[in-house]
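The task is simple: from the sequences and hints, build the whole structure.
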Amino acid sequence: MSEKINIKLKINGVFVTLEVLAHQNLLRALRDNYYWDVKCGCEVGECGTCTVLLDGQAVKSCTVLAAACDGHEIWTDKGLGLSTKLTARIQDAFVECGSVQCGFCTPGMVVAATDYLKNGGKPDRTAIREAISGNLCRCTGYVKIVDAIYKVAKDIEEGLL
Amino acid sequence: MKEFGYKNATTITEALTLLDGQNARVVAGGTNVLPYIRSGKYTDCRLINIRDIKDLNFIKEDSDRITIGACVTISQLKKSKLILEFVPALHQAACVFADPTICNTATVGGNLASASPAADTAPALLVHDAIVFIKSLNSSRSVPLSEFFKAPGTTVLQRNELITHIEISKQKNSGFIKLGMRKSMSISIVTAASSVTLNDAGIISSCKIALGAVAPTPIRAAHTERFLLSKKPDDDTLSALIKATNLDISPIDDIRASADYRREVTPVMVKRAIKLALYEHC
Ligand SMILES: Cc1cc2nc3c(=O)[nH]c(=O)nc-3n(C[C@H](O)[C@H](O)[C@H](O)COP(=O)(O)OP(=O)(O)OC[C@H]3O[C@@H](n4cnc5c(N)ncnc54)[C@H](O)[C@@H]3O)c2cc1C
Ligand code: FES
Ligand code: FES
Numbered sequence: 242m243s244e245k246i247n248i249k250l251k252i253n254g255v256f257v258t259l260e261v262l263a264h265q266n267l268l269r270a271l272r273d274n275y276y277w278d279v280k281c282g283c284e285v286g287e288c289g290t291c292t293v294l295l296d297g298q299a300v301k302s303c304t305v306l307a308a309a310c311d312g313h314e315i316w317t318d319k320g321l322g323l324s325t326k327l328t329a330r331i332q333d334a335f336v337e338c339g340s341v342q343c344g345f346c347t348p349g350m351v352v353a354a355t356d357y358l359k360n361g362g363k364p365d366r367t368a369i370r371e372a373i374s375g376n377l378c379r380c381t382g383y384v385k386i387v388d389a390i391y392k393v394a395k396d397i398e399e400g401l402l
Numbered sequence: 069m070k071e072f073g074y075k076n077a078t079t080i081t082e083a084l085t086l087l088d089g090q091n092a093r094v095v096a097g098g099t100n101v102l103p104y105i106r107s108g109k110y111t112d113c114r115l116i117n118i119r120d121i122k123d124l125n126f127i128k129e130d131s132d133r134i135t136i137g138a139c140v141t142i143s144q145l146k147k148s149k150l151i152l153e154f155v156p157a158l159h160q161a162a163c164v165f166a167d168p169t170i171c172n173t174a175t176v177g178g179n180l181a182s183a184s185p186a187a188d189t190a191p192a193l194l195v196h197d198a199i200v201f202i203k204s205l206n207s208s209r210s211v212p213l214s215e216f217f218k219a220p221g222t223t224v225l226q227r228n229e230l231i232t233h234i235e236i237s238k239q240k241n242s243g244f245i246k247l248g249m250r251k252s253m254s255i256s257i258v259t260a261a262s263s264v265t266l267n268d269a270g271i272i273s274s275c276k277i278a279l280g281a282v283a284p285t286p287i288r289a290a291h292t293e294r295f296l297l298s299k300k301p302d303d304d305t306l307s308a309l310i311k312a313t314n315l316d317i318s319p320i321d322d323i324r325a326s327a328d329y330r331r332e333v334t335p336v337m338v339k340r341a342i343k344l345a346l347y348e349h350c
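Heads up: the sequence lines are chains F and Y, in that order.
When you line the first sequence up against my numbering, it's residues 242 to 402, in that order.
When you line the second sequence up against my numbering, it's residues 69 to 350, in that order.
Derived from the structure by calculation, the hints contain no laboratory data.
This one's a predicted model, so the numbers in the text were calculated from it and none came from an experiment.
Even glycine gets a Cβ: it sits at the ideal position worked out from N, Cα and C.
Be aware that one or more of the hints could be misleading.
To be verified - Some residues of chain F that are not near chain Y, with every Cβ distance over 12 Å (derived): (1) Lys245; (2) Cys291; (3) Val341.
Stated by the list, open to error - Derived lysine-lysine pairs resembling PhoX-like cross-links, with alpha carbons at most 20 Å apart: (4) F:Lys395 - F:Lys363; (5) Y:Lys128 - Y:Lys146; (6) F:Lys363 - F:Lys319; (7) Y:Lys300 - Y:Lys311; (8) F:Lys249 - Y:Lys147; (9) Y:Lys109 - Y:Lys70; (10) Y:Lys75 - F:Lys363; (11) Y:Lys240 - Y:Lys128; (12) Y:Lys147 - F:Lys359; (13) Y:Lys147 - F:Lys363; (14) F:Lys245 - Y:Lys75; (15) Y:Lys238 - Y:Lys343; (16) F:Lys395 - F:Lys326; (17) F:Lys392 - F:Lys326; (18) F:Lys392 - F:Lys359; (19) Y:Lys70 - F:Lys245; (20) Y:Lys146 - Y:Lys240; (21) Y:Lys128 - Y:Lys238; (22) Y:Lys109 - F:Lys359; (23) Y:Lys147 - Y:Lys238.
Here's what the structure looks like:
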C-alpha cells in the first residue's frame, strides 16, 4: 500500500483535511471525498472534464498530485457556481444557449470558461475556442458552448455583470 | 498494488537530500508523472514534490543572458515580457504547447527531463544556446542542452540530480513552428526553431536551426546550418534546403506520421521557422 498522507487545503472556500495516498491524483482525492461535480473521463490529461481551479488557475486535476496540494486552494464547478457571480452567470448561459447535452464535459468547460473570463477574456470566438481547447465535448459540436461563453463575455464588456 | 511514498521539499537542499541514495523521483507539474504512475512506468518509489520550491521559480535577465528556473510553468513563459522580447522562439513554443490548463502546471524543467523527441520547448531552447544547470547533494554541473538528451526518455541526469535552472542567450531574431494533427493538445509531428542574424548586405552571418520529433532526441541541424551560412535567405536558398535537412534527420513512422512525410515536411518547417525569425510571419 502506498503511504497515507494528511493534507490541509481549502476547497470551495472551506478549510479541510483529507487523507490521500502518496501517488493519488487530485481528481481521485476529490471524488473520494464527495466532490462529485468533478468528473473523471480519461484520467491522462486529454479530455478536460476534471478541470478545477488550483490557486486560481484552471488545471486538469487528474494530472496533479493530490499530496502536492497541501496548503493550496481548490475551487470546483459547483463551489464556484454557488459563490461567484461570474461562474453562476456562465452556468446560466450554458442552460440558456443549450450548451449541455449529456453534460459530462460541462463542469470542466465551466471552470475553463471561468478562468478565461476572470482574466479579462474578450467576446472573441477564436480566443474562446483556444481557452477551451483542452476540453473535449462529444455531443454539442462546441458551437453552443462557445455561444454561451461569448454571451457572458459580451455581458461583461457591456458592464452588465 | 501501488507502493509509493511522498515528501514535499520546500528548498533545493531538502530536495537533494531526499533524492540522495534513495529510490526517489522528482515531481514538478506532474503532467507526465501522473500518467507514468497510472500506466505503471513508475512503480514503488518515493515521490518528491518540488513545485513549492521558490528558488526554482523565477525568470531573470542580465546583460546578454536570461535565466529560467526549472519549475517555471509554460503559462509563465507565455506571459513573460522578457521571453517575448528576447527569446521569441520560446514564447511561440509556449503558445502552441498542449492547452491552457496543461500549461498552467507543466514546467520547463519537466519538459526537458522527460526527454521526449517531441518536447516543444527543446528546439526553441537549443537555438538560444541553452545550458542546463544540474545539482546533486555533493556536486553541481552545467551541460549544454545540445549534449543533455541521450535517447528517447533518457538524458544525462542521474537519479539523485535535479535541474535547477536553464540559461539562454538573448536573440531577438528567433522563431518556432509546430506541425501537429490539430491546433491544440497535439504531440508534434515536426517542430522547427531558428535563430538567424543577417549582415548589412542581407547575407546570413550566423544561424542556428533545431528540430523536434524527427530524430531520437531534439537536435541541432548542423548540415542545414552550414548550408545556410553566407547565403541570402531568399526563396531560392530556402527551397534548396531539402538535401541538407535530410542529412540532419532520421525520422521514424509512428501513429502521428510516416517517416516519408516527415522528410517531405521538415524542410518546409525549417523555411517557415527562418521566415518567422526574420519577418515575424511565414
Ligand atoms: C494532455 C497532455 C498534453 C501534452 N502536450 C504537450 C505538448 O504539446 N508539448 C510538449 O512538449 N509536451 C506535452 N506534454 C507533456 C508534458 O506536459 C510536458 O513534457 C511537461 O512540460 C512536463 O512537465 P511537468 O512539470 O509536468 O513534469 P513532471 O510530470 O512533473 O515530470 C516529468 C519528468 O521530469 C522529471 N523532472 C521534473 N522536473 C525536474 C527537475 N527540475 N529536475 C530533474 N528532473 C525533473 C520527473 O522526475 C519526471 O521524470 C503533454 C502532456 C499531457 C498529459
Ligand atoms: S479526466 Fe482529467 S483530463 Fe480527462
Ligand atoms: S455535452 Fe456531452 S460531452 Fe459535452
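Status of the hints after comparison with the structure:
| no. | hint | verdict |
| --- | --- | --- |
| 1 | Lys245 | violated (9 Å) |
| 2 | Cys291 | violated (10 Å) |
| 3 | Val341 | holds (20 Å) |
| 4 | F:Lys395 - F:Lys363 | holds (8 Å) |
| 5 | Y:Lys128 - Y:Lys146 | holds (15 Å) |
| 6 | F:Lys363 - F:Lys319 | violated (24 Å) |
| 7 | Y:Lys300 - Y:Lys311 | holds (17 Å) |
| 8 | F:Lys249 - Y:Lys147 | violated (30 Å) |
| 9 | Y:Lys109 - Y:Lys70 | holds (12 Å) |
| 10 | Y:Lys75 - F:Lys363 | violated (41 Å) |
| 11 | Y:Lys240 - Y:Lys128 | holds (16 Å) |
| 12 | Y:Lys147 - F:Lys359 | holds (16 Å) |
| 13 | Y:Lys147 - F:Lys363 | holds (17 Å) |
| 14 | F:Lys245 - Y:Lys75 | holds (11 Å) |
| 15 | Y:Lys238 - Y:Lys343 | holds (19 Å) |
| 16 | F:Lys395 - F:Lys326 | holds (15 Å) |
| 17 | F:Lys392 - F:Lys326 | holds (15 Å) |
| 18 | F:Lys392 - F:Lys359 | holds (14 Å) |
| 19 | Y:Lys70 - F:Lys245 | holds (12 Å) |
| 20 | Y:Lys146 - Y:Lys240 | holds (16 Å) |
| 21 | Y:Lys128 - Y:Lys238 | holds (12 Å) |
| 22 | Y:Lys109 - F:Lys359 | violated (38 Å) |
| 23 | Y:Lys147 - Y:Lys238 | holds (17 Å) |
In this structure, the hints that do not hold are numbers 1, 2, 6, 8, 10, 22, in rising order.
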